[in-house]
Amino acid sequence: QKEVEQDPGPLSVPEGAIVSLNCTYSNSAFQYFMWYRQYSRKGPELLMYTYSSGNKEDGRFTAQVDKSSKYISLFIRDSQPSDSATYLCGMSEDSNYQLIWGAGTKLIIKP
Amino acid sequence: DTAVSQTPKYLVTQMGNDKSIKCEQNLGHDTMYWYKQDSKKFLKIMFSYNNKELIINETVPNRFSPKSPDKAHLNLHINSLELGDSAVYFCASSPLRGAGELFFGEGSRLTVL
Chain W
1 QKEVEQDPGP
11 LSVPEGAIVS
21 LNCTYSNSAF
31 QYFMWYRQYS
41 RKGPELLMYT
51 YSSGNKEDGR
61 FTAQVDKSSK
71 YISLFIRDSQ
81 PSDSATYLCG
91 MSEDSNYQLI
101 WGAGTKLIIK
111 P
Chain P
1001 DTAVSQTPKY
1011 LVTQMGNDKS
1021 IKCEQNLGHD
1031 TMYWYKQDSK
1041 KFLKIMFSYN
1051 NKELIINETV
1061 PNRFSPKSPD
1071 KAHLNLHINS
1081 LELGDSAVYF
1091 CASSPLRGAG
1101 ELFFGEGSRL
1111 TVL
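Chains W and P, in that order, give the protein sequences.
Just so we're aligned, residue 1 is where the first sequence starts under the numbering used here, counting upward by one.
Just so we're aligned, residue 1001 is where the second sequence starts under the numbering used here, counting upward by one.
The following block holds chain P by itself, in its conformation from the complex (with noise of 0.2 angstroms):
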């Protein structure tokens, strides 16, 4: 059974299109992530949720925006697809706020043409 599930695990897609990713664990932690990880293979942490609480908004454009139903869920929302929002999204979740032990899933790769 998989403990951090992302779908879809690849969208290629228009520029200017809207896409959504979703995310969903089993592991009953409160807090989740959205991570970005460009070609380089560099993590930058974009969202992070504290039992549907937003705790950490990095500077990310707002074409992004997260949304957590409850706290096994974590959604994201891209508007407007631009080529630098190529890269692969990694959802991540924590049983603490911080620098706890992180679960990913096995990402999201997003390609935009």
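Excised from the complex, chain W in its bound form (with noise of 0.2 angstroms):
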């Protein structure tokens, strides 16, 4: 079993839906948890980055922590064809170690 179980997808929804991507981990000493965007032929960007449980939001994006269920949420709201990409989870027990990363999912946005 994999620490970050993502899936692959690709997810199709069309324009103007809420979009959820999720990631499982195994590891309960995870507490950073964060989301990169990837589009095609670019490199990873930093979505959001959350601390231990909760919520944040940034615009239409939501991310949720849900540590007893060790599950994470990616929440695109009013979802755009600019949101087509690969999105991916990566987590980490602390600041100083690596992230564990999810295989990322691709999402796609039909105008």
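Think of the hints as simulated: they come from the structure by calculation, not from any bench.
A hint or two may mislead.
[What the hints assert, rightly or not] Keeping only pairs whose Cα atoms sit at most 25 angstroms apart, straight-line, the calculated SDA-like set for lysine to any residue is: (1) K106(W) / G1084(P); (2) K1067(P) / N1050(P); (3) K1041(P) / Y49(W); (4) K1041(P) / T62(W); (5) K1044(P) / T24(W); (6) K1022(P) / K56(W); (7) K70(W) / P1008(P); (8) K70(W) / N1050(P); (9) K56(W) / L1096(P).
[What the hints assert, rightly or not] Residues of chain W clear of chain P, computed beta-carbon distances all greater than 12 angstroms: (10) G59; (11) K70; (12) S79; (13) D83; (14) S84; (15) I109.
We put the CB at the ideal spot given by N, CA and C, even for glycine.
Hints given; two lone chains; assemble the complex.
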């Protein structure tokens, strides 16, 4: 079993829909949780960064962490074709430790 | 002005050849990384340097040799290229030693024929 599981998709939704992307993990010591977005033929870029449990909102994006279920989510409201990309989750026990990555979910927003 | 820049962006080469990829960051970060991303988009860390010191050296064939002449530069040399080395190689930098925000370059796409 991988430490971080993420459905590779692709996930295809119509423009304007609410998108839910998820990762599950096995290591209860993870405290730092990140979502990166990667456009085709580009490097990943940080989208959301949360520490411990709870929610964080930034515009149309909301990151949720449920440590009791070992589950993190990224919600995208009012999805746009420009949101089409691969979304990677990454997590770590400590800020001095390396990120453990999910496999990435390919998201397609249809106009 | 590009924050993390890698050259070349594309390499196509024959098995058995040697190739190098260069990376430079102008963010003033102390930590730099090499990641390998396979065709399924899985990111695998290869090496990490903090202030020119090698701090992470994952299970990577010793045909791969990183070199950091200063904290703004991290190069990757690959000897005796194999078909399985075909991938996209990303350089990244971070202000922290570990799981801080990573700033990635655009990647170097290596194809071994």
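Of all the hints numbered above, which does this structure not satisfy? Sort the numbers upward. 6, 7, 8
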